[in-house]
Amino acid sequence: MSETFGRYGGQYVPEALMPALEELTDAYRRYVLDNEDGFMDEFRERLRTFGGRPTPLQHAEKLSERYGTSVYLKREDLVHGGAHKLNNALGQVLLAKYMGKERIIAETGAGQHGTATAMAAAHLDMPCEIYMGRTDTNRQRPNVFRMRLNDAEVTPVDVGRGTLKEAISQALRDWAHSVETTHYVIGSVVGPHPFPQLVDEFQAVISAEIREQLHEQTGTLPNSVVACAGGGSNAMGTFHHFVDEESVDLYAIEAGGSSLDVDEERGVAPNSASLTTGTEGVLHGARTRVLQDSDGQIMESHSVSAGLDYAGVGPELAHLVETGRVTPESVDDRTALAGFHRLSQAEGIIPALETAHAVGWLEEATPEQLGEQVVLTVSGRGDKDLETVLEETATHDVPAAPEMDVFSTTGGDRNE
Amino acid sequence: MSESDITAAFEDRPAFVPYLTAGDPTFESSIEYVEALARGGADVIELGLPFSEPIAEGPTIQQAIVRSLESGMTPERFFEFVETLGVDVPLVCMTYYNLIYQYGDAEGPRPFVERAAAAGIDGLIVPDLPVEEATPLRTACDAHGVDLIFIVAPTTTDERLTPLLEHSSGYVYVQARLGVTGARSDVSDRTSYSLDRLEGSDLPAAVGFGISTGEQAGEIVAAGADGIIVGSALVDIVAEGYEDDLTTEETAERLEAKARELTTGIIEQGRPRSERL
Chain V
1 MSETFGRYGG QYVPEALMPA LEELTDAYRR YVLDNEDGFM DEFRERLRTF
51 GGRPTPLQHA EKLSERYGTS VYLKREDLVH GGAHKLNNAL GQVLLAKYMG
101 KERIIAETGA GQHGTATAMA AAHLDMPCEI YMGRTDTNRQ RPNVFRMRLN
151 DAEVTPVDVG RGTLKEAISQ ALRDWAHSVE TTHYVIGSVV GPHPFPQLVD
201 EFQAVISAEI REQLHEQTGT LPNSVVACAG GGSNAMGTFH HFVDEESVDL
251 YAIEAGGSSL DVDEERGVAP NSASLTTGTE GVLHGARTRV LQDSDGQIME
301 SHSVSAGLDY AGVGPELAHL VETGRVTPES VDDRTALAGF HRLSQAEGII
351 PALETAHAVG WLEEATPEQL GEQVVLTVSG RGDKDLETVL EETATHDVPA
401 APEMDVFSTT GGDRNE
Chain R
1 MSESDITAAF EDRPAFVPYL TAGDPTFESS IEYVEALARG GADVIELGLP
51 FSEPIAEGPT IQQAIVRSLE SGMTPERFFE FVETLGVDVP LVCMTYYNLI
101 YQYGDAEGPR PFVERAAAAG IDGLIVPDLP VEEATPLRTA CDAHGVDLIF
151 IVAPTTTDER LTPLLEHSSG YVYVQARLGV TGARSDVSDR TSYSLDRLEG
201 SDLPAAVGFG ISTGEQAGEI VAAGADGIIV GSALVDIVAE GYEDDLTTEE
251 TAERLEAKAR ELTTGIIEQG RPRSERL
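Protein sequence lines correspond, in order, to chains V and R.
If you're matching positions, the first sequence starts at 1 in UniProt numbering and goes up one per residue.
If you're matching positions, the second sequence starts at 1 in UniProt numbering and goes up one per residue.
You may find that some hints are simply not true.
Computed Cβ-Cβ distance ranges for the label pairs, DEER-style [to be verified]: (1) R/D244 / V/D261: 40 to 48 Å; (2) R/D105 / V/E246: 55 to 63 Å; (3) V/D261 / R/D105: 49 to 57 Å; (4) V/E246 / R/E70: 43 to 51 Å; (5) R/E243 / V/E45: 51 to 59 Å; (6) V/T279 / R/H144: 23 to 31 Å; (7) V/E246 / R/T162: 39 to 47 Å; (8) R/H144 / V/E45: 30 to 38 Å; (9) V/Y98 / R/T162: 25 to 33 Å; (10) R/G145 / V/T279: 56 to 64 Å; (11) V/E36 / R/A8: 47 to 55 Å; (12) V/Y98 / R/T139: 33 to 41 Å; (13) V/R29 / R/G120: 44 to 52 Å.
To be clear, the hints were calculated from the coordinates, so they are not data collected in a lab.
Every value quoted in this text rests on a predicted model; they were computed, and no experiment measured them.
Think of the CB as a built atom: it goes at the ideal place given N, C-alpha and C, for glycine as much as any other residue.
Assemble the whole structure, with the sequences as input and the hints as a guide.
Structure below.
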């Protein structure tokens, strides 16, 4: 088993955590790869009965008509909790239980990973603490409440801009103090080895089902597979079983934010497109592509979607982009919002803003890129984003949006 | 291999090794603060070069890093800082690997080490760089006579200890406990355990994490440590000075007094390393 993906990956963490990573690597081999004590059997069974898998692969008729191709939607928004995040959270919390850990910590950006972890921890009876940037607790209040409902502690992080980057740093700090009893459920294919492989393995169920379901429906492989990418767990899970199929084009859609330019002076990138605009660096335990200034200080990222708002990306995805296997594309906030409204109107599916980036890209893609059959993963549902969409649609003059005047609030409180 | 200046600083008595974040809260005041620690008896000084994601630091040093970055600290300014300092003790740079890596070239981290050595840095501590990932930096450090100091944690297994000690030079940073706060007895128990495990190593063992008084410093050296590392307790004094709007001189005096208290604790309880070995 390789510890790196080309020149990406590795283990850049404090010494105090190294033995825990060794222990986790050992558990990953035994339980996940070798199914020791029937771990994977139990995981699959719980995904089915608690998680609601398999999720459908739906032929999207209106989108197919619009783009002149067959568009299939992998409905991860129908997983329990409303996002693909449960696949990984359930896997890791169960693994922690097999390892004899007593406590779960996690970080979250949009709140979907925190929610999934809180649900998995409640389901498996483990105490759970979630770190979340202060900015994100404010823009994702329904998810904070859902975590609390599942009896998780939610600890706001006030450092920096108070988003996912700061929440991950804080979770790593907690882990360095509590590592003997605690498992850190990292939320994406990021972090030190073995996390990128472990999370990929738990999310690979998405592409396994896509292959099987598309084969049942059409007898073929898709021409292209599209997934949004922040840290990259949805993308890696969607791509996993297609990486070796050279005939299938893989597109990772990043958040282009308001611009792909970078304000070096202020240390701010108005996007989260680390595959497109990042450079090689070391962040949160791994060598990967990172939004950073010339000194190596990590930049504040931006996206209308809290779940994509992260300055790094998974090392395996960075490697697949570098070798040309995966094509990164970026979509700006406005196009993502248009994608949000289009999917809601055309198919009756209100997607997460993360997913909306991938849907937005369909509009910009060429017929050659899409091919005759395209699969797009709906990574999550959009309930959590309604407040954001309400505010942002008004400021971005979004095509495909409904008449928004009726929702404008003059002097009223939108948060009510 | 000849003994480094850093290792030599542990010879006569257990060493007092203070830490401050360079540039906290400003370049000029921070120079005064580091010089005050030298007057107060520092034998080796650790200087933090701030990184925006300090995953190994507690809240006190995290805030110091924010203040320093806001006042414009960069790797280049850090080297100027070291060149400006008027102190006569070995200096250790404590920073995160991404800054070293970005300063480097296609061949690796050598340009950072070269510049650091030229500025007067004697050693490096990189808390997010475990032995497994350290070979390129180790090679560059060897080429420029810079010590590379590794941290031994309470969780470090016996299997990890041998390669870790083989890669270390200067001193071994013994992390006394996992948390940033905790009972004092906890510190001495863990310390004795950690120090026992290091028997047979040629390098001095400096114990850090959670030491804040002269009395604690004395207990740690009485338990057999070759030195004590104090960070947060000193950074707290800088933070208080900043928040209470004290003059640079007032804060410098407080730091010097704290350094004297800690040094006195060591002198009262410590013995020369030659006798301790």
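Verification of the supplied hints:
1. Taking 40 to 48 Å as the suggested C-beta distance range, the pair R/D244 and V/D261 conforms, at roughly 41 Å.
2. Between R/D105 and V/E246 the beta carbons are some 35 Å apart, a value that contradicts the proposed interval 55 to 63 Å.
3. V/D261 and R/D105 have their C-beta atoms about 26 Å apart, which leaves the hinted 49 to 57 Å range violated.
4. A hinted range of 43 to 51 Å holds for the C-beta pair V/E246 and R/E70, which are about 50 Å apart.
5. For R/E243 paired with V/E45, a C-beta distance near 55 Å keeps the hint of 51 to 59 Å intact.
6. Hint check: V/T279 to R/H144, Cβ distance near 26 Å, so the stated range 23 to 31 Å holds.
7. Under the hint 39 to 47 Å, the C-beta atoms of V/E246 and R/T162, about 45 Å apart, fit the expected range.
8. A beta carbon spacing of about 57 Å between R/H144 and V/E45 contradicts the range 30 to 38 Å that was offered as a hint.
9. Evaluation of the 25 to 33 Å hint for V/Y98 and R/T162 yields a pass: the beta carbon distance comes to about 30 Å.
10. Taken as a hint, the range 56 to 64 Å is violated for the pair R/G145 and V/T279, whose Cβ atoms sit roughly 31 Å apart.
11. At roughly 52 Å, the beta carbons of V/E36 and R/A8 sit within the given window of 47 to 55 Å.
12. Between V/Y98 and R/T139 the beta carbon distance is about 40 Å. The supplied range of 33 to 41 Å therefore holds.
13. Taking the beta carbon of each, V/R29 and R/G120 are about 47 Å apart, inside 44 to 52 Å as hinted.
Of the hints listed earlier, those the structure fails to meet are numbers 2, 3, 8, 10, in rising order.
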